[in-house]
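Participant: Modelling step: build the complete structure from the supplied sequences, incorporating the hints.
Protein chains in written order, with this note's numbering: chain A, 1 to 111; chain B, 112 to 224.
Just to be clear, a hint being listed does not mean it is correct.
[What the hints assert, rightly or not] Listed next, the in silico DSS-like pairs over lysine-lysine satisfying Cα-Cα at most 27 Å (straight line):
1. B:K125 / A:K36
2. B:K182 / B:K125
3. B:K120 / A:K36
4. A:K36 / A:K70
5. A:K70 / B:K120
6. A:K70 / A:K51
By construction, these hints were calculated from the structure, which means they are not laboratory data.
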Amino acid sequence: GQQLNQSPQSMFIQEGEDVSMNCTSSSIFNTWLWYKQDPGEGPVLLIALYKAGELTSNGRLTAQFGITRKDSFLNISASIPSDVGIYFCAGSRNTGNQFYFGTGTSLTVIP
Amino acid sequence: NAGVTQTPKFQVLKTGQSMTLQCAQDMNHNSMYWYRQDPGMGLRLIYYSASEGTTDKGEVPNGYNVSRLNKREFSLRLESAAPSQTSVYFCASSESPSTDTQYFGPGTRLTVL
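Facilitator: And the structure:
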């Protein structure tokens, strides 16, 4: 099956720092999603991207749909303790098709 | 408005035992999904139901069966559990197959000994 590679696998940062993570695929996707998962909970959708080159923000979060359509990026500015969790990317080739999920980036924010 | 609920939250089975994981949503969504999450891997789709009365295989369907009981409920059955099925199982729902926003339940942590 299709696997998306996320990096880094884990991050330990100081509160207030900015965070960058990315997701790459061997296939072209037409939709990219970014989710956050808190411990013991299901993933929650943060941002959805639909067009190559698109840049979308949600508060302190900004995500970009890579121009090659094989990658996507998530940035978090001025991190806070509640940003702790696992961030997943997901990609879909066509509307209504199955989403493939990345391996996750675990974020720890040190107060 | 509870969203997506799953029962049980935790379960331990012996190899060969059977069980059914229950999922219900109260958002009047048409589509429902079952995923499994294993350490170091992303969520993988087991089965999905695009609408009431239909079910389709996802990426990893072997060893599982599903039933879309009605619009609200979508169950996942393990007929003869194997240790390889030890995982966290998530149910999700969306308005339609073409809607990207999937709402996830809290998960069921299953251990097969």
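Participant: Compare the structure with each hint and give your call.
Facilitator: Right, here's what the structure says about each hint:
1. The suggested pairing of B:K125 with A:K36 is violated, with an alpha-carbon distance near 32 Å, which exceeds 27 Å.
2. This hinted pair does not check out: B:K182 and B:K125 have alpha carbons roughly 32 Å apart, beyond 27 Å.
3. Of the supplied pair hints, the one linking B:K120 and A:K36 holds, its CA atoms being roughly 20 Å apart against a limit of 27 Å.
4. Of the supplied pair hints, the one linking A:K36 and A:K70 holds, its CA atoms being roughly 21 Å apart against a limit of 27 Å.
5. Taking the CA atoms of A:K70 and B:K120, the gap is near 36 Å; set against the 27 Å cutoff, the hint is violated.
6. Restraint check: the Cα-Cα separation between A:K70 and A:K51 comes to about 12 Å, which is no more than 27 Å; the hinted pair holds.
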